[in-house]
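Going down the list, the protein sequences come from chains A and B.
Using the UniProt record's numbering, the final residue of the first sequence is 326, and nothing's skipped along the way.
Using the UniProt record's numbering, the final residue of the second sequence is 302, and nothing's skipped along the way.
Hints are computed from structural coordinates only; laboratory data are not their basis.
Quick reminder that beta carbons are idealized off the backbone N, C-alpha and C, glycines included.
You may find that some hints are simply not true.
As the list claims (entries may be wrong) - Computed list of chain A residues with no C-beta within reach of chain B, every gap over 10 angstroms:
| no. | residue |
| --- | --- |
| 1 | Asp57 |
| 2 | Asp96 |
| 3 | Ser146 |
| 4 | Arg167 |
| 5 | Leu265 |
Stated by the list, open to error - Short, incomplete list of chain A residues facing chain B, as computed with Cβ under 7 angstroms:
| no. | residue |
| --- | --- |
| 6 | Phe34 |
| 7 | Gly65 |
| 8 | Ala99 |
| 9 | Gly104 |
| 10 | Phe231 |
| 11 | Ser280 |
| 12 | Leu281 |
| 13 | Gly287 |
| 14 | Val288 |
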Amino acid sequence: MDLLGYGAFFLTTALIFSLVTLGLNLQWGLTGLFNVGLAGFVAIGAYTSALLTTPDDAARLGGFGLPILVGWLGAMLVGGIAAAITGIATLRLRSDYLAITTFGVAVVVQLVALNAQKLTGGPFGIGFIPRPFGGLAETPLLFNLSNLAVVSVVTLIVYLALEHLSRSPWGRVLKALREDERAAISLGKSARFYRVQAFAVGGAIMALAGALQAHFTGFIAPDNYLPALTFQVWVMLIVGGSGSNIGAVIGSILVWAIWAGSGALTSVLFSPEQQARAASLQIVAIGVMLCVILLVRPNGLFGDRPWRPRFGKRVRVATGESGTAS
Amino acid sequence: MNLQFVVDGLLAGSMIGLGAIGVTLTYSILRFSNFAHGDFMAWGAYATLAVVGAIGAMFGKIAPMAPLSFGWPLIAAVIVGMAITGLLALLLDMMLFARLRAKGQAIIVVMASFGASMALRSLLEFIFSSRPTYFSRAIQIAMPVGFGIRVTPDQIALLLLTAVLVLGVHLLMTRTQTGRSMQALSQNAALARIVGIDVAKIVRVTWIIGGALACVAGVMIGILIQIRPFMGFDMLLPMFAAAILGGIGSVPGAVLGGLIIGMAEAGAVQLVGAEWRAAVSFIILMSVLFVRPIGLFGVRER
Numbered sequence: 001m002d003l004l005g006y007g008a009f010f011l012t013t014a015l016i017f018s019l020v021t022l023g024l025n026l027q028w029g030l031t032g033l034f035n036v037g038l039a040g041f042v043a044i045g046a047y048t049s050a051l052l053t054t055p056d057d058a059a060r061l062g063g064f065g066l067p068i069l070v071g072w073l074g075a076m077l078v079g080g081i082a083a084a085i086t087g088i089a090t091l092r093l094r095s096d097y098l099a100i101t102t103f104g105v106a107v108v109v110q111l112v113a114l115n116a117q118k119l120t121g122g123p124f125g126i127g128f129i130p131r132p133f134g135g136l137a138e139t140p141l142l143f144n145l146s147n148l149a150v151v152s153v154v155t156l157i158v159y160l161a162l163e164h165l166s167r168s169p170w171g172r173v174l175k176a177l178r179e180d181e182r183a184a185i186s187l188g189k190s191a192r193f194y195r196v197q198a199f200a201v202g203g204a205i206m207a208l209a210g211a212l213q214a215h216f217t218g219f220i221a222p223d224n225y226l227p228a229l230t231f232q233v234w235v236m237l238i239v240g241g242s243g244s245n246i247g248a249v250i251g252s253i254l255v256w257a258i259w260a261g262s263g264a265l266t267s268v269l270f271s272p273e274q275q276a277r278a279a280s281l282q283i284v285a286i287g288v289m290l291c292v293i294l295l296v297r298p299n300g301l302f303g304d305r306p307w308r309p310r311f312g313k314r315v316r317v318a319t320g321e322s323g324t325a326s
Numbered sequence: 001m002n003l004q005f006v007v008d009g010l011l012a013g014s015m016i017g018l019g020a021i022g023v024t025l026t027y028s029i030l031r032f033s034n035f036a037h038g039d040f041m042a043w044g045a046y047a048t049l050a051v052v053g054a055i056g057a058m059f060g061k062i063a064p065m066a067p068l069s070f071g072w073p074l075i076a077a078v079i080v081g082m083a084i085t086g087l088l089a090l091l092l093d094m095m096l097f098a099r100l101r102a103k104g105q106a107i108i109v110v111m112a113s114f115g116a117s118m119a120l121r122s123l124l125e126f127i128f129s130s131r132p133t134y135f136s137r138a139i140q141i142a143m144p145v146g147f148g149i150r151v152t153p154d155q156i157a158l159l160l161l162t163a164v165l166v167l168g169v170h171l172l173m174t175r176t177q178t179g180r181s182m183q184a185l186s187q188n189a190a191l192a193r194i195v196g197i198d199v200a201k202i203v204r205v206t207w208i209i210g211g212a213l214a215c216v217a218g219v220m221i222g223i224l225i226q227i228r229p230f231m232g233f234d235m236l237l238p239m240f241a242a243a244i245l246g247g248i249g250s251v252p253g254a255v256l257g258g259l260i261i262g263m264a265e266a267g268a269v270q271l272v273g274a275e276w277r278a279a280v281s282f283i284i285l286m287s288v289l290f291v292r293p294i295g296l297f298g299v300r301e302r
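Starting from the given sequences, assemble the full structure and let the hints guide the process.
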């Protein structure tokens, strides 16, 4: 029975991760937009939903006590707007600028979460976030299973919507822009407009995932949204194969299994005072894994993205030593 | 308002500027923004610390040079540390970046640098633990120099060192054949190759310069503040902001950008409080991207 409960808990976390990965897949896999600050967008969603749904609290702003569903919609809205602004600022420039700016967004969100006590509760975070089946908390198994059901349904809806989107005319424009920007523009498609849309929708999905996580654990703090989160999700997407939605989901479950498993292993193998060190070794291993996959199998498990060089851009892109690179 | 922020800003600006030179050179010559550059700083600082320890073990305790908090061991160690950091950058390029560059998609290299940054930083945490350490625990007396400003001898020495290094890199870039080849490569890679510039050599020089300067910046942070595994990662956003503000590819621009951001940070610390320091570079970065994305001394990309 315990095992079943743990299995449900594990899958719930993994599915919330896979929701973030699906958002990243829309941004990177489908559209080629590089987001290294996704932890920031997840945090925006979590804090927005927490502010909207928690009961009134004198120590900080709000606590509006709204229904959970309103919190989730609000999270998506705010996350989408934040992503749209980021996109508008940078998407007319080189792709690296988007990377640097999203990195900055994550730093600033972390800063606000830590320092704007009135809004976010500071380092202690926000507690008493209503849980969808709080009444069932007495029986952990039922509680975990019902959480899993909710998260599964949300993930399934997002998954189906994204599958539909990527086959729709809208998704085909995004793919065309990714594969050959000049050809797509010459057909009259505004590259920047479509990219901002894709980035905003991706940001909204990430924010939704943050909100789900917040209501699932009932407590959030700035520490949940460190750069390590961004990194985990990137590894999940690359392992699953960027461009494939099913790959994003399976990659998330797989990497989360490796992560949780190696975490359990280190807690068995190392003495308590060595735990922090062992945890950093875990990140080293995952970082090396990311680099190796990029080198050896850039398509991941299910990736559809053809990594052939784009001839129009090659001279600008490649400055490799080998004579073949230009 | 206390004028002390001028000195604080100059010092912060020197550290940012030295790092930003490496960022801007990598960006303009190798065409990617290297997220692992901050971790070169941390590695440089820890490598220097390790060498100082080794020298201490060999020669016993050595008294610091009169007004400064450090003696010749640190100076010797910085030089070794610069070499180690340059080699680390070269090694990373050989094992990872060069191979991905050959595949031809720049943004994959950025992602790999993000993964490498995470791995490098956590490796430091594993070896040295995340507890902060120091080159010296001695406390220096700050001398008043008028206008309510106080400086320590260390701070003066490090500002002078920065000036010498920046001048050196500038001369290298403008007066030597290697430097001119670097500029040629950043302006037009294909043409540079056609006129027979040895691209592999220029790439090596770029990494060594970037790594060595990152090491110096890391040691400066170590002397003036403290050494932590995250010290370089926290400098990443200011460095990128400085490189973009100065204009990608411009060494004087990177240094000026660093000084502007350092000053703005120091001013913000006085006006709104130290906890908001990191937001300053983000605000500057966003304004540059909206108003003048090519930066102060940048050239429009062809």
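Evaluation of the provided hints:
no.: 1; hint: Asp57; in the structure: holds (22 angstroms)
no.: 2; hint: Asp96; in the structure: violated (4 angstroms)
no.: 3; hint: Ser146; in the structure: holds (35 angstroms)
no.: 4; hint: Arg167; in the structure: holds (25 angstroms)
no.: 5; hint: Leu265; in the structure: holds (16 angstroms)
no.: 6; hint: Phe34; in the structure: holds (5 angstroms)
no.: 7; hint: Gly65; in the structure: violated (30 angstroms)
no.: 8; hint: Ala99; in the structure: holds (6 angstroms)
no.: 9; hint: Gly104; in the structure: holds (4 angstroms)
no.: 10; hint: Phe231; in the structure: holds (5 angstroms)
no.: 11; hint: Ser280; in the structure: holds (4 angstroms)
no.: 12; hint: Leu281; in the structure: holds (5 angstroms)
no.: 13; hint: Gly287; in the structure: holds (3 angstroms)
no.: 14; hint: Val288; in the structure: holds (6 angstroms)
The structure shown violates the earlier hints numbered 2 and 7.
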